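Participant: Please build the complete structure, drawing on both the sequences and the hints.
Spelled out from the first residue to the last, the chains are:
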Amino acid sequence: MLLAKVIGNVWSTKKKDAISALRLLVIQPLGKNLKPDGNVLVAADEVGAGFGELVIVTQGSPAMQAFNKTDLIPVDAVVVGIVDNLEIADDVAGKKK
Amino acid sequence: MLLAKVIGNVWSTKKKDAISALRLLVIQPLGKNLKPDGNVLVAADEVGAGFGELVIVTQGSPAMQAFNKTDLIPVDAVVVGIVDNLEIADDVAGKKK
Amino acid sequence: MLLAKVIGNVWSTKKKDAISALRLLVIQPLGKNLKPDGNVLVAADEVGAGFGELVIVTQGSPAMQAFNKTDLIPVDAVVVGIVDNLEIADDVAGKKK
Amino acid sequence: MLLAKVIGNVWSTKKKDAISALRLLVIQPLGKNLKPDGNVLVAADEVGAGFGELVIVTQGSPAMQAFNKTDLIPVDAVVVGIVDNLEIADDVAGKKK
Amino acid sequence: MLLAKVIGNVWSTKKKDAISALRLLVIQPLGKNLKPDGNVLVAADEVGAGFGELVIVTQGSPAMQAFNKTDLIPVDAVVVGIVDNLEIADDVAGKKK
Numbered sequence: 000m001l002l003a004k005v006i007g008n009v010w011s012t013k014k015k016d017a018i019s020a021l022r023l024l025v026i027q028p029l030g031k032n033l034k035p036d037g038n039v040l041v042a043a044d045e046v047g048a049g050f051g052e053l054v055i056v057t058q059g060s061p062a063m064q065a066f067n068k069t070d071l072i073p074v075d076a077v078v079v080g081i082v083d084n085l086e087i088a089d090d091v092a093g094k095k096k
Numbered sequence: 000m001l002l003a004k005v006i007g008n009v010w011s012t013k014k015k016d017a018i019s020a021l022r023l024l025v026i027q028p029l030g031k032n033l034k035p036d037g038n039v040l041v042a043a044d045e046v047g048a049g050f051g052e053l054v055i056v057t058q059g060s061p062a063m064q065a066f067n068k069t070d071l072i073p074v075d076a077v078v079v080g081i082v083d084n085l086e087i088a089d090d091v092a093g094k095k096k
Numbered sequence: 000m001l002l003a004k005v006i007g008n009v010w011s012t013k014k015k016d017a018i019s020a021l022r023l024l025v026i027q028p029l030g031k032n033l034k035p036d037g038n039v040l041v042a043a044d045e046v047g048a049g050f051g052e053l054v055i056v057t058q059g060s061p062a063m064q065a066f067n068k069t070d071l072i073p074v075d076a077v078v079v080g081i082v083d084n085l086e087i088a089d090d091v092a093g094k095k096k
Numbered sequence: 000m001l002l003a004k005v006i007g008n009v010w011s012t013k014k015k016d017a018i019s020a021l022r023l024l025v026i027q028p029l030g031k032n033l034k035p036d037g038n039v040l041v042a043a044d045e046v047g048a049g050f051g052e053l054v055i056v057t058q059g060s061p062a063m064q065a066f067n068k069t070d071l072i073p074v075d076a077v078v079v080g081i082v083d084n085l086e087i088a089d090d091v092a093g094k095k096k
Numbered sequence: 000m001l002l003a004k005v006i007g008n009v010w011s012t013k014k015k016d017a018i019s020a021l022r023l024l025v026i027q028p029l030g031k032n033l034k035p036d037g038n039v040l041v042a043a044d045e046v047g048a049g050f051g052e053l054v055i056v057t058q059g060s061p062a063m064q065a066f067n068k069t070d071l072i073p074v075d076a077v078v079v080g081i082v083d084n085l086e087i088a089d090d091v092a093g094k095k096k
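Chains as they are written, first to last, in numbering that gives the first Met the number 0: chain R, 0 to 96; chain A, 0 to 96; chain U, 0 to 96; chain H, 0 to 96; chain B, 0 to 96.
Honestly, the hints are just simulated from the structure, not real lab data.
There's no promise every hint is true.
One copy or two, either will do: identical chains are not told apart, so a pair holds if it fits within one copy or between any two.
[What the hints assert, rightly or not] Below 25 Å or equal to it, Euclidean Cα-Cα: the simulated DMTMM-like pairs (lysine to aspartate or glutamate) are:
#1 K15 with D44
#2 K13 with E86
#3 K34 with D83
#4 K13 with D83
Note that the structure is a prediction, hence the values are computed from the model and not measured.
Facilitator: Here you go:
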C-alpha cells in the first residue's frame, strides 16, 4: 500500500453511477525518505480521513475488495487506514547517504 | 484514480472488436503539484468528457468494471468522472518546498 | 492504454506453451508530449501491427481479456489497435511550457 | 516481486476491518544496482520479517492470494519471503557503467 | 511484458509455503534504448533461464496464470520466455535523438 497525505477533495457531478456514493479525496503519495513524490491520486475514502492526515492507500484490483464484493465497482485506489504512528529506522532507511 | 486532462482524441480502424464501440480519449495525467507528468494515456470515455476538461481516470483491472461485467473487455483506463471542483490544501501539499 | 511505437520483434523458442502462438512485438511507449519514454515493453500483437506504427496497448490483467477468456494466459501487454489519426490540442497539452 | 528493505512499522487504529489483523511494515524497495529507490510502501507481513531485513514483496492482485482466498481483502503488497542470500553477477548487472 | 536481464539468484528459507517450490531469479528490466532501467525485480523462473540471459517477464495478475490456475499463488512476476533474437528498428526507436 502507499503512504500518502490527504491534500484535498474533488467534486464531480458527471460520473459513473457505480462511484456516485463515494467520497473522493486527493492524495499525495510519499516517496523515498517519506518526501512527497509521484502522481497525485484520487482515492475513495472508507475510513473518514481528513485534510493533512497521513493515510494508507490500497491500489489496483485489491482496492475493489474494500467495497461490495459481488458487484465490483471501477475504483483503483482506496484509503484503508489512517496512520496513528510511524516508526522508521533511520539507519536502515538509506537517509544518511 | 488519476487526475488527468483530456488533450485529444485517437482514431483507430484496425482494432479488437471488443473495443470497437468505445470513444477513446488521449489524456495527460497530473503529477506532483498538479503539473502534467507521466505517460500520455488512452482512456475510454464513459461520461462524455471533452477537450481540456479535468477528469478522473480509473486504471487497471478495475477499469473493466465500468463496462459489461459478464464479458470483460481489454480496457485498462476509463474516464469515470469529470471534475467540477478541486479543493487543494496548499499548506499540506508540499508546494512551498 | 498506452500509446506506443512498434520498434521491433522478439523471438523466443524456450517459452511457456501458453504463449507459444503469439506474435511478440517490441514497443516503446510515448510519454509526456508524445516523446518516447519509459521502459521498452514486449506486447502480443492482435491486430497485425508493423514496424514504426503507432499503436494502442492494453496492459495488466485486462490484456488477458483479448485472448481466450476461459483459459487465461500469462500475457500482460497486448496491442489492441493501430492508430489512424491522433488529434492533440496543443494549448491544453502543456507543450508550450 | 520487489526486493525491499524493512525500514519501519506503521500503526493505524482507524482502518478497514478486513485488514485489522495484519502486521503492517514500512518497506523501501531497491532499484537499479540494489540502491534504495522508488516510493516507500506499506506491506503486510506474512513471514515474521524484522527491521533492516531484506525481503521479497508481492504486489497487486497476486498479493491477495497470500491470505484467505475465498474472502479477498484489500491488500496490494505483502512480504512473502525473507532473503537469506542474494547472488548478483556484477558483470551482467550494468554496475560498471 | 518486460525485457530484462537475469542478473542473479535469491534464496529465502522463511517464505510463504505457496511459493516454496519456485526458483527465484533477480532480474534487471531494460528501459529506453534497451539500457538497464527501473527497479531490480525478483521473478519466478518457468523456462530455465540462466545468468546473463535476456528474458521476457510477465508481471501482475497475469503472472499467476503461468502456474496452477485453480489455486492461485502470490507471484507477480514470472519469466515466460528466453529471448533468442531481438530485432530493433533503429530509425523508429528514437535512438538518434
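Participant: Which of the stated hints cannot be reconciled with the structure, identified by number in ascending sequence?
Facilitator: The structure breaks none of the hints.
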